[in-house]
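> Residues per chain, in single letters:
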Amino acid sequence: MLKKKGFKGILMLSMVAMLAFAAACGNNTGGNAETENTGTTNNATNAPTEAAKLSGEIKVDGSSTVFPLTEAAAEEFNKEHADVRVPVGVSGTGGGFKQFCAGEIAIADASRPIKDEEATACKDAGIEYTELTVAFDGLSVVVSKDNDFIDHLTVEELNKIFVTGSTVATWKDVRDTFPAEPIVMFSPGADSGTYDYFNEAILDKAGIRNDKAISFSEDDNALVQGVSGSKYGIGYFGFAYFEENQDKLKVVPVDGGAGAITPTTETIKDGSYAPLSRPLFIYVNNKELERPEVKEFVKYYINNIGPLAGEVGYVALPDEQYATEAAKIQ
Amino acid sequence: MNIFQDANRTQIAGRRRTDWLLHILFVVATSIGVIALCALIVDILIDGIARLQPDLFTNFPSRRAEGSGMKSALVGTIYMLLIMAPISFIFGVGAAIYLEEYAKKGKITRLIQLNISTLAGVPSIVYGILGLALFVRLLALDRSLIAGALTMTLLVLPIIIVSAQEAIRAVPKSRRDASFALGATKWQTVYRSVLPSALPGVLTGVILAMSRAIGETAPLVMIGALTYVAFLPEGLKDSFTVIPIQVYNWLSKPKVEFQELAASGIIVLLALLLLMNFSAILLRNKYQKNV
Chain A
1 MLKKKGFKGI LMLSMVAMLA FAAACGNNTG GNAETENTGT TNNATNAPTE
51 AAKLSGEIKV DGSSTVFPLT EAAAEEFNKE HADVRVPVGV SGTGGGFKQF
101 CAGEIAIADA SRPIKDEEAT ACKDAGIEYT ELTVAFDGLS VVVSKDNDFI
151 DHLTVEELNK IFVTGSTVAT WKDVRDTFPA EPIVMFSPGA DSGTYDYFNE
201 AILDKAGIRN DKAISFSEDD NALVQGVSGS KYGIGYFGFA YFEENQDKLK
251 VVPVDGGAGA ITPTTETIKD GSYAPLSRPL FIYVNNKELE RPEVKEFVKY
301 YINNIGPLAG EVGYVALPDE QYATEAAKIQ
Chain B
1 MNIFQDANRT QIAGRRRTDW LLHILFVVAT SIGVIALCAL IVDILIDGIA
51 RLQPDLFTNF PSRRAEGSGM KSALVGTIYM LLIMAPISFI FGVGAAIYLE
101 EYAKKGKITR LIQLNISTLA GVPSIVYGIL GLALFVRLLA LDRSLIAGAL
151 TMTLLVLPII IVSAQEAIRA VPKSRRDASF ALGATKWQTV YRSVLPSALP
201 GVLTGVILAM SRAIGETAPL VMIGALTYVA FLPEGLKDSF TVIPIQVYNW
251 LSKPKVEFQE LAASGIIVLL ALLLLMNFSA ILLRNKYQKN V
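Going line by line, the protein sequences match chains A and B. In terms of the UniProt record's numbering, the first sequence is residues 1 to 330. In terms of the UniProt record's numbering, the second sequence is residues 1 to 291.
Isolated chain A (complex conformation) (with noise of 0.2 angstroms):
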């Protein structure tokens, strides 16, 4: 008798539990939709009366790189805006462009501009979308702290070093005065923007070397450790990331023809720091700017990322920058 009843009330139990939690899921589903609706008709009929309060879902996914930036604008925005939404994913930058083109979310974050075929993409699906540049982020070419014989390297030795094919295997191979000590080589795996900003900047998009020499990660922490574990390393990821490890890694300063050049704030921010000092973006669909929270938070994000910035390891634009992208949305 006794295990019956158990059996039974367990059975009920699992029962009510998924038709409540069914009921109460459903019954939030429809109050979103009708707050959804109600919205959009507010905003046709009274929309000056109604600006303050707003709500909703705006969906942003892309690359990790900019994510901290988006995170931070989000988590800002939502201070004033309580009942907005803005839910952000790392699907990378092209894994975000996928699902931008296809009407997926609001807002890509993308660490480089929208490729040709990916721009082709949106045009036929008939997404019309405006390009905002955010910050910029300075790639940095990192040895370890024990690394006493490197005082800068030039583009043409860091593609010496990284190109596909190379056959550079100690680092007496890159520069006659090095040591000939095997080279350990650390970069970022093929589907990070930051792979693709290297091999565009310095390697001209002829690829990276694939072999024993060379360990990828798609975490930049690995890519860290890496580095400053081994005497004869290298290593190249974000800006952010050597600043919080300054103590471990060195930074090499990197010659593009006019000097050799150390990343800081000042040098990323005026592009002295080139090749290596990249633009980062957020793409926003158009017909998503029309709703008011989003275009709403697209103007907090762009008036408000300079100081943010800074406090998650990137750089701001120069303000008058930032006032021209502004003036995009208006």
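Errors might be hidden in some of the hints.
[Said to hold, decoys possible] Below are the SDA-like pairs computed for lysine to any residue, each with C-alpha atoms no more than 20 angstroms apart in a straight line: (1) B:255 <-> A:295; (2) A:248 <-> B:255; (3) A:79 <-> B:62; (4) B:237 <-> A:99; (5) A:295 <-> A:55; (6) A:269 <-> A:201; (7) A:145 <-> A:260.
It is worth saying that the hints were derived from the structure and are not from the lab.
With chain A held as given, fit chain B onto it using these hints.
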């Protein structure tokens, strides 16, 4: 005689030595697992215990490590469990009852059986791809809580079916015969006689499958559980995040404080796992006494 005895003695000594050596080997084999778990727990505790404060559970994630919490991730994980548990219980146990009690033992049943065992070993990312194509795209559920929960249900179903089958098979045939002898129908026999005895085993299987699901990251990354979610899901079609994804997100941040946060997140996940496994044991003991 003497020689015979000596030969015997060395033989016995040799066997004893083999026994002793194997004994040591087995102890080492066992302790490797235990030591690995202990090392993990100690390491995680050292890193994460400081951040295990109430605000970890009450705050949403933030770009600043000090104000960051895992409220949305914890709630997301619990919601997902709440949706998954009943669905996978009904479908999993239903399939097990069919296969064990109703289905005729033939080629087709064997084929189904083989299928289920194979599915139980399929890598979880494959379920993620299936979930993305089926639930997210085809059924247009978007990257939502329900799509995630259904994908996870697919993932754990084979495990639940197999363990429920074992539990049902372990019920003595005499119980069924007694029930049939009293004129009970198949369903009455299954419901009143077989299932109550099999329930402890079934429940243990279900709970263990659930605890596998809460640690899974790959399928949810695939269907697009999001990384920064500063709200609680209120409906089945809302965006969500879960603990492992939050932990992964924290681990990939440059600041060392986030690594500590990730460690605290792992502690919470481990605690949740332990809690579930413990409740599985409790349930089993409770029902076993009644049988």
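> Does each hint fit the structure? Answer for all of them.
Consistency of the hints with the structure:
Straight-line distance between C-alpha atoms of residue 255 of chain B and residue 295 of chain A comes to about 31 angstroms, which puts the hinted pair past the 20 angstroms bound. For the hint linking residue 248 of chain A to residue 255 of chain B, the alpha-carbon distance of about 13 angstroms falls within 20 angstroms, and the restraint holds. Taken as a hint, the residue 79 of chain A and residue 62 of chain B pair is honoured in the structure, with Cα atoms around 12 angstroms apart against an allowance of 20 angstroms. Between the alpha carbons of residue 237 of chain B and residue 99 of chain A the distance comes to roughly 18 angstroms, so the proposed pair stays at or under 20 angstroms and holds.
At roughly 12 angstroms between alpha-carbon atoms, residue 295 of chain A and residue 55 of chain A fall within 20 angstroms of each other, so this suggested pair holds. Straight-line distance between C-alpha atoms of residue 269 of chain A and residue 201 of chain A comes to about 17 angstroms, which keeps the hinted pair within the 20 angstroms bound. Restraint check: the Cα-Cα separation between residue 145 of chain A and residue 260 of chain A comes to about 19 angstroms, which is no more than 20 angstroms; the hinted pair holds.
Violated hints amount to a single one, hint 1; each of the other numbered hints is respected by the structure.
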